[in-house]
Amino acid sequence: MQPFTVLTAVALPLVRANIDTDAIIPSREMTSVSKKGLADGLFAGWRYRTVGGRDPNPDFVLNDPRYRGAAILLGGENFGCGSSREHAVWALAEYGFRAILAPSFNPIFRGNCVRNGIVPVELPQDAVAWIAVAVAEMPPAQLVTVDLEHQMVTAPDGGTHSFTIEPEAREMLLHGLDAIDLTLLRQAEIQGKRQMDKDCRPWVYL
Amino acid sequence: MRTIFEKIWAEHQVADLGGGTGLLLIDRVLLHERTGGVALESLAAAGRPVMAPSQVFATMDHVVDTLPGRGDRTIMPTGTAFITATRAAAHGAGITLFDLGDPRQGIVHVISPEQGIVLPGVTLVCPDSHTCSQGALGALAWGIGSTEAEHALATGTLRVRRPRTMRVTVNGRLGAGVTPKDLALHILARHGAGGAKGHVVEYAGEAVRALSVEGRLTLCNLATEFAAFTAIIAPDDVVFDYLQDRPYAPKGTIWDRAVAAWRQLYSDDGAVFDRGIDVDAGAVAPMVTWGTSPQHAVPLGDRVPDFQDVAGHDTRETYERALAYMALTPGTPLAGLPIDAAFIGSCTNSRMEDLRRAAAVLRGRKVAAGVRAICVPGSSQVKAQAEAEGLDRVFLASGFEWREAGCSMCFFAGGESFGHRQRVVTSTNRNFESRQGPQTRSHLASPETVAASAIAGRLADPRLLEA
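Residue numbers (the working numbering), protein chains in the order written: chain A, 120 to 325; chain B, -16 to 450.
No wet-lab data here; the hints were simulated from the structure.
These figures come from a predicted structure and were not determined experimentally.
Careful, some of the hints might be misleading.
Said to hold, decoys possible - Straight-line alpha carbon distances no greater than 20 Å define the calculated EDC-like cross-link-like pairs of lysine to aspartate or glutamate that follow: (1) Lys234/B x Asp318/A; (2) Lys312/A x Glu(-6)/B; (3) Lys(-10)/B x Asp251/B; (4) Lys154/A x Asp245/A; (5) Lys234/B x Asp224/B; (6) Lys349/B x Asp323/B; (7) Lys234/B x Asp219/B; (8) Lys317/A x Glu197/B; (9) Lys(-10)/B x Asp318/A; (10) Lys155/A x Glu213/A; (11) Lys234/B x Asp316/A; (12) Lys(-10)/B x Glu384/B; (13) Lys349/B x Asp292/B; (14) Lys312/A x Asp252/B; (15) Lys312/A x Asp(-1)/B; (16) Lys(-10)/B x Asp316/A; (17) Lys317/A x Glu(-6)/B; (18) Lys349/B x Asp375/B; (19) Lys312/A x Asp300/A; (20) Lys154/A x Asp297/A; (21) Lys155/A x Asp297/A; (22) Lys(-10)/B x Asp219/B; (23) Lys234/B x Asp220/B; (24) Lys349/B x Asp263/B; (25) Lys(-10)/B x Asp252/B.
Go ahead and model the full structure; you've got the sequences and the hints to work with.
As structure tokens, this is what we get:
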């Protein structure tokens, strides 16, 4: 996983409540048993004129050339709700998004972000809305900075917004750690706990 | 003074990782061919074995066809690859697979309780958002991504950010003809699709106690639509009676020990929740959705709301977008809205009680001309039981299709779907844009409301159906 420290980038506003993972990547775009090849399906239902087609819908913000190279997504309340499909996050990451700023995230989607190097930044609704307005003035110049180390977002106008993220997620993202490797270091502890637990709850162990 | 959640958390914690994150033992991992195969393959590619294969189960439910005579070939263009990859990976990993043709096959959240895989007090995860359903049996069961599934498979644990707690107390009793689905939609309409914001929700109160296991599964199923971490209900004799003698449930003296332990799984008097809401069960009516979020629900007798009625949980943009998508205008009565199709199925409402109630509505009646009506039992076992009771004949005689078990048209994966802009009344859980087909307009409701609407050819209250 690619470490994340500081990122200054074009931010793409999609500040709508309850954007679900079916919208982020429709099920029909998940055609192979793979974590790759998903970027083209990102927001397919809104991004293209027809189902399954690739003719861009010029009204959708992702197709607006002013947002080319966007690596930060500005979202609404309960972002990433719905299906647990990690394909939504794989598609966002493959497209180039490294951070999402939203008032709240659906819990499974948020966990998937952390496991794939995308920083889920929770900011108050007003702050996200304000940043979206500032960005829209001239997207390629009005850049946003996400500083994970200092847990700080800098808006295009220079205004700063601090955010909180649990230490575990912050460490994983900062250093690009693999959670499985980290946990396997505790294998003896896990086996010890399982052995004890087998005596207490034998019905769990089939 | 601890909540049930805190008791289960403490029992499973291997280590406190600091900052509110714990390393928890995971007792059960469930997989399906849509998101599980990729996890198993990725794990194998990394050379990591499954740590405890006997505690892992896989099924085929998401992309398999549900038409009679189905096999590995699917209507979904590349579905076969998901089936064969999952089968090979499951065999390679030595885990139990409920494959096509196995009488135990079915939707993962239907078969897990059926087989006694989920038990009170266990931690259970599955790369599927509706895993929260299984909290109905007093388990801490939650949906995860595929990478997290790999972690659980490889280590027997997960690193979990401890969620805050919320109690939803449902006082009084649900009225006649009002179902757990209606209760869940009522809560979503009142408190919004983001209402539970990552909390673990304990459903409590008289109306919840009065529910069967199947009713509880429906209520907990929609917790993910509420943005909850998961839902849980304290297990009681209703659950213990349900589980006794199920294939993977404990037997003999171990059963007695287990039940004694399970009886301790309740929130102590005076346990503190971070949040709490009360719901009056008597105020719940049969519900139907009008928009593109499960929070867009109103009583079936109501009209499409004005913006000011929903302004608490919607912006004008999302409200107008939903109305435009659904081709509805404010003030239109929901009852009487013509439909193109009716669907009974999904992990929300495809169990025996659902099918019995729907069949009771359909008996001696015919689906309206021009309405396509489909019933998909949640599991092969439900299908067999329904057929033993003659329900298949009721569905077929009324004009419903009677299918093999699976998730089917709860979602559109490129294969079968309801048509472009078709209006569908559905017992499923998501009315998102294009969820059930390209531009399909989904109205969520209970199975009996779906049945009554199929008969009427328009959205209809089953309590008001003419004889």
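Structure-based check of all given hints:
| no. | hint | in the structure |
| --- | --- | --- |
| 1 | Lys234/B x Asp318/A | 16 Å, holds |
| 2 | Lys312/A x Glu(-6)/B | 10 Å, holds |
| 3 | Lys(-10)/B x Asp251/B | 10 Å, holds |
| 4 | Lys154/A x Asp245/A | 34 Å, violated |
| 5 | Lys234/B x Asp224/B | 13 Å, holds |
| 6 | Lys349/B x Asp323/B | 15 Å, holds |
| 7 | Lys234/B x Asp219/B | 18 Å, holds |
| 8 | Lys317/A x Glu197/B | 30 Å, violated |
| 9 | Lys(-10)/B x Asp318/A | 18 Å, holds |
| 10 | Lys155/A x Glu213/A | 8 Å, holds |
| 11 | Lys234/B x Asp316/A | 18 Å, holds |
| 12 | Lys(-10)/B x Glu384/B | 45 Å, violated |
| 13 | Lys349/B x Asp292/B | 37 Å, violated |
| 14 | Lys312/A x Asp252/B | 29 Å, violated |
| 15 | Lys312/A x Asp(-1)/B | 13 Å, holds |
| 16 | Lys(-10)/B x Asp316/A | 14 Å, holds |
| 17 | Lys317/A x Glu(-6)/B | 12 Å, holds |
| 18 | Lys349/B x Asp375/B | 14 Å, holds |
| 19 | Lys312/A x Asp300/A | 19 Å, holds |
| 20 | Lys154/A x Asp297/A | 16 Å, holds |
| 21 | Lys155/A x Asp297/A | 18 Å, holds |
| 22 | Lys(-10)/B x Asp219/B | 16 Å, holds |
| 23 | Lys234/B x Asp220/B | 16 Å, holds |
| 24 | Lys349/B x Asp263/B | 36 Å, violated |
| 25 | Lys(-10)/B x Asp252/B | 14 Å, holds |
Checked against the numbered hints given earlier, this structure breaks hints 4, 8, 12, 13, 14 and 24; the rest are met.
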